[in-house]
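Listed here are the chains, written in short residue letters.
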Amino acid sequence: MSIKTEHMVLNMGPQHPSTHGVLRLEVELDGEIIIDVKPHIGYLHRCFEKHCEALTYPQIIPYVDRLDYLASMYNEFGYVVAVEKMLGIQVPERVEYIRVIMGELQRIASHLVAVGTYGIDIGAFTPFLYCFRDRERILNLFEMTCGARLLYNYFWIGGLSHDIPPDFVRIAKEFVQDFKGTLKELNNLLSYNKIFVERTANVGILSVETAINYGITGPNLRASGVKWDLRRDDPYSVYSKLDFDIPVGQGLQGTVGDCWDRYYIRVLEMEQSVKILEQALDQIPEGNVQEALPKRIKPAEGQIYTRVENPKGELGYFIVSKGGLQPHRVKVRAPSFVHLGIMGELCKGHLVADIIAVLGSIDIVLGEVDR
Amino acid sequence: MKTQQEIFEILKAQYPDFITTQDTEANELAIEVPALQINSVCQFLASNPDLLFDSLILLSALDDANGKKNSEADGSFEFDGGTLSVIYHLESSKLRHKVVLKVVVPREKPEVESVSSIWQHADWEEREAYDMIGIIFLNHPNLQRILMPYDWDAGFPLRKDYKNPEFYMGIKVP
Amino acid sequence: MGLLDKQFSDENIILTKAEDLLNWARLSSLWQVGFGLACCAIEMMATSASHYDFDRFGVIPRPSPRQADIIIISGTVTLKMATRIKRIYEQMPDPKYVISMGSCSNSGGPYWEHGYHVVKGMDRVIPVDVYVPGCPPRPEALLEGLLKLQEKIRNESLVKKEKV
Chain A
1 MSIKTEHMVL NMGPQHPSTH GVLRLEVELD GEIIIDVKPH IGYLHRCFEK
51 HCEALTYPQI IPYVDRLDYL ASMYNEFGYV VAVEKMLGIQ VPERVEYIRV
101 IMGELQRIAS HLVAVGTYGI DIGAFTPFLY CFRDRERILN LFEMTCGARL
151 LYNYFWIGGL SHDIPPDFVR IAKEFVQDFK GTLKELNNLL SYNKIFVERT
201 ANVGILSVET AINYGITGPN LRASGVKWDL RRDDPYSVYS KLDFDIPVGQ
251 GLQGTVGDCW DRYYIRVLEM EQSVKILEQA LDQIPEGNVQ EALPKRIKPA
301 EGQIYTRVEN PKGELGYFIV SKGGLQPHRV KVRAPSFVHL GIMGELCKGH
351 LVADIIAVLG SIDIVLGEVD R
Chain B
1 MKTQQEIFEI LKAQYPDFIT TQDTEANELA IEVPALQINS VCQFLASNPD
51 LLFDSLILLS ALDDANGKKN SEADGSFEFD GGTLSVIYHL ESSKLRHKVV
101 LKVVVPREKP EVESVSSIWQ HADWEEREAY DMIGIIFLNH PNLQRILMPY
151 DWDAGFPLRK DYKNPEFYMG IKVP
Chain C
1 MGLLDKQFSD ENIILTKAED LLNWARLSSL WQVGFGLACC AIEMMATSAS
51 HYDFDRFGVI PRPSPRQADI IIISGTVTLK MATRIKRIYE QMPDPKYVIS
101 MGSCSNSGGP YWEHGYHVVK GMDRVIPVDV YVPGCPPRPE ALLEGLLKLQ
151 EKIRNESLVK KEKV
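Residue numbers (my numbering), protein chains in the order written: chain A, 1 to 371; chain B, 1 to 174; chain C, 1 to 164.
Only chain A is shown next, with the shape it has when bound in the complex (with noise of 0.2 Å):
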């Protein structure tokens, strides 16, 4: 006799306390063994683009932040260095260093919220209280400098809205300093801990070919392996001048591209950030900020296509100019909504219980997602 069997489908979010907001997932289940996983998309689907349309240049600074609102000062920087190509303008070197500086602060605080959530998506919730106290540090080091905690307006296009306030690299150096104890500290809690490392490694495996043909950039896309950084391989800024390192998963704990290389990636990041910002900190020129602030800023008829490696992945800006005060179309090429994509692919075989750490693994904001 034959039993007639059926797949279920689960339904996940978009109240769900480990999706990282609002996002739906629908599962389809044989069993516990996952066949497949659709996200659904959109419940944050805030019409930035539209904005755009109809604001001028400088009106969309505000807008860029609360896209990837764990990265508001990355958002920022991809976004002026756009229009500034666009406009042909030159910043002080003072401006770059602080924008390097800032950017850096910023990965090491979106990276700690995505390690602090992944630990309690997996059930380790006191690694999350030392990411927060340490974030915390950096939000204090923004809030001196342009008064908000966490989207800032900071970078203007050709300069900065204020200069960093005089004990600001003092701060920052002991911050600096404390945080490479702090780091060894949460490898002590949660790297190796034995029941994080069952969940992860050998979990939610992505191949090289499968990452470049999803399109996924960033740290999960070095995670499996490539060395890509566009920090290195397509430079902006000052960061040709800066010594860092790009590291690459390993396979330390299961298989080169798991789920642990995806969270271990984002700690040697963070090591590598401490790096830059020692070195930054240390050179950082005298200069006006204001200088090239340009009187009137309509960029030429044109489009442009700019990137930077945000904490999550590469960042782009597709702007469309049709010589307004505003810009014709804004696109914004967002790494989250990217890396979502192939979750369907990573959880294809994998128990329920899984898609979580999957999911806590390519560290999605669904800012970004949306839009």
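Bear in mind the hints are in silico, worked out from the structure with no lab data behind them.
Beta carbons are placed, not taken as given, at the ideal position from N, Cα and C, and that holds for glycine.
Wrong hints could be hidden among the right ones.
[To be verified] Computed spacing ranges between beta-carbons, pair by pair:
1. C:P127 - A:K194: 44 to 50 Å
2. B:E108 - C:P127: 43 to 49 Å
3. A:R296 - B:P106: 32 to 38 Å
4. C:R56 - A:K194: 43 to 49 Å
5. B:E108 - A:K322: 43 to 49 Å
6. A:E6 - C:L21: 50 to 56 Å
7. C:L158 - A:I195: 19 to 25 Å
8. B:D17 - A:K322: 29 to 35 Å
9. A:V238 - B:M1: 21 to 27 Å
[To be verified] Facing chain B, a subset of chain A residues (Cβ under 10 Å, in silico):
10. E53
11. L55
12. I205
Fit chains B and C to the given chain A structure using the hints.
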């Protein structure tokens, strides 16, 4: 590593019938490709050993807003005629060169061949282009709305002549 | 406060009104639905993390709306999400309270003018008790909002109609 110009020459030699012009008005050059040939051109770009374009960086659709503008009494307007375009940014991860392709389609019949069979990434990008601008991608495996609700019937929001509805499921919109 | 005023000096007995006792119990253990929407959710997370410690007010995140007393609408509400939020709200047992956190959920905020897919204020969908302004509000502002909600609960009555 090849420049856009060299890639253009290679494409022109391969497809002399329809690849003839580069869009040079923008400061970023774009090779113009007919809408119903884009799949075969992309397949050539992806498989040719000199080019090896294995990743699609970005697929963006835009409303060129170049038709005849019919204004209405309440200040809104509609376009009659004109074009929509789709722009492809491709990159080769092995050879590290980039190319930009451009497809222009009429507003009344915005049909473009899908390239999702070549790059999986195009699947979602094409759905987004359909959702926002209303480009129909032929041979797409699952062409439906992605960001807006599946039952949204008030048009395509990023078209310049889009009008917002008054209510959606009993919730006041504007 | 009113709860501890009439305590006998040498016994473990407190005289109080049933109303006050219930209100006191309610306001000191407000369990919230673990539910974040957008940027404000990050500040909500920061509020529950090490520095600001939401737990000391009795606010503990619960994964299910059926076990929760308050819902903090932390971020932009879109048309696609609005119906889901209404469903979550309806699943919560009475008495239930809503804190609207941030400009977006108060009024649409920066997405007021061109947001074709943004609900211009959460109160178009569910009733709101406390509005916390800011984009995003600082954790202190959210704590203040919670204290305001506690004040509101303290003045509630079982028999008298609520003053509007």
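E6 (chain A) versus L21 (chain C) beta-carbon gap, inside 50 to 56 Å or not: Between E6 (chain A) and L21 (chain C), where Cβ atoms are some 53 Å apart, the hint holds.
Range agreement (Cβ of P106 (chain B) with Cβ of R296 (chain A), hint 32 to 38 Å): 36 Å, holds
Supplied contact hint for E53 (chain A), tested at 10 Å Cβ to chain B: 8 Å, holds
CB-CB spacing for K194 (chain A) and R56 (chain C) relative to the 43 to 49 Å hint: 33 Å, violated
Restraint outcome when I205 (chain A) is required to lie within 10 Å of chain B by C-beta distance: 17 Å, violated
Cβ distance range 43 to 49 Å for E108 (chain B) and P127 (chain C), holds or violated: 47 Å, holds
Restraint check, 10 Å cut-off on beta carbons, for L55 (chain A) near chain B: 15 Å, violated
Range hint 43 to 49 Å (beta carbons of E108 (chain B) and K322 (chain A)) holds or violated: 22 Å, violated
Range hint compliance [Cβ, V238 (chain A) to M1 (chain B), 21 to 27 Å]: 24 Å, holds
29 to 35 Å as the expected CB spacing between K322 (chain A) and D17 (chain B), which holds or is violated: 31 Å, holds
Satisfaction of the hinted span 44 to 50 Å by the C-beta atoms belonging to P127 (chain C) and K194 (chain A): This hint holds: roughly 48 Å between Cβ atoms.
Consistency of beta-carbon spacing, I195 (chain A) to L158 (chain C), with hint 19 to 25 Å: At roughly 48 Å between Cβ atoms, I195 (chain A) and L158 (chain C) fall outside 19 to 25 Å, so the hint is violated.
Hint check: violations occur at hints 4, 5, 7, 11 and 12; the rest are consistent with the structure.
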